[in-house]
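> With the hints as constraints, model all of the structure from the sequences given.
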Amino acid sequence: MVFGTYPEGGGVDHEHYMRRAIEIARGNPDAPFGCVIANGETGEILAEGLNDAEKSLILHGETAAVLDLFDGRPDADTSNLVLYTTAEPCPMCSGAILWSGIPRVVLGTRLETLKGLGRPAIDLPCEEVSGRASFEGFGVTYGVLEGECDALFEEMARRADGP
1 MVFGTYPEGG GVDHEHYMRR AIEIARGNPD APFGCVIANG ETGEILAEGL NDAEKSLILH
61 GETAAVLDLF DGRPDADTSN LVLYTTAEPC PMCSGAILWS GIPRVVLGTR LETLKGLGRP
121 AIDLPCEEVS GRASFEGFGV TYGVLEGECD ALFEEMARRA DGP
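The sequence shown lines up with residues 1 to 163 when you count with UniProt numbering.
Within a straight-line C-alpha distance of at most 20 angstroms, the following computed DMTMM-like cross-link-like pairs (lysine to aspartate or glutamate) qualify: (1) Lys-55 with Asp-71; (2) Lys-115 with Glu-146; (3) Lys-55 with Asp-30; (4) Lys-115 with Glu-148; (5) Lys-115 with Glu-154; (6) Lys-115 with Asp-161.
Bear in mind the hints are in silico, worked out from the structure with no lab data behind them.
As structure tokens, then:
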């Protein structure tokens, strides 16, 4: 599947979109889960999301971005969209991505890293959630700007541990 280019050709610039997700994530250093949904053909960013679980436990970065995507566009065409997220989506977020029809997820920090930092997690990788769907799931690209994303979560863990 071809996802187009941004903005001047030479292939999809996953790092460009991940940098935006990282920028968004910095808005919540206690839960730096930032997300961007972009059109893989045009390069346009269509939605963004930041973890706001203090407001609602279901407002993870990915679910917030999916809600943003469909706000005012209930029939949005998702066939060429790519979701960029600073960390591997949890099973709830993976389900939202599946049901939305977004065919590609690009992530920075892996589930194993989050668990290693003491982050509460459901040990079910997003690729496995996608693979269990009775319909076509999403593909996953791992480790885009992984070091930069990991640094966000390492800082989160330090903040949680205190001075």
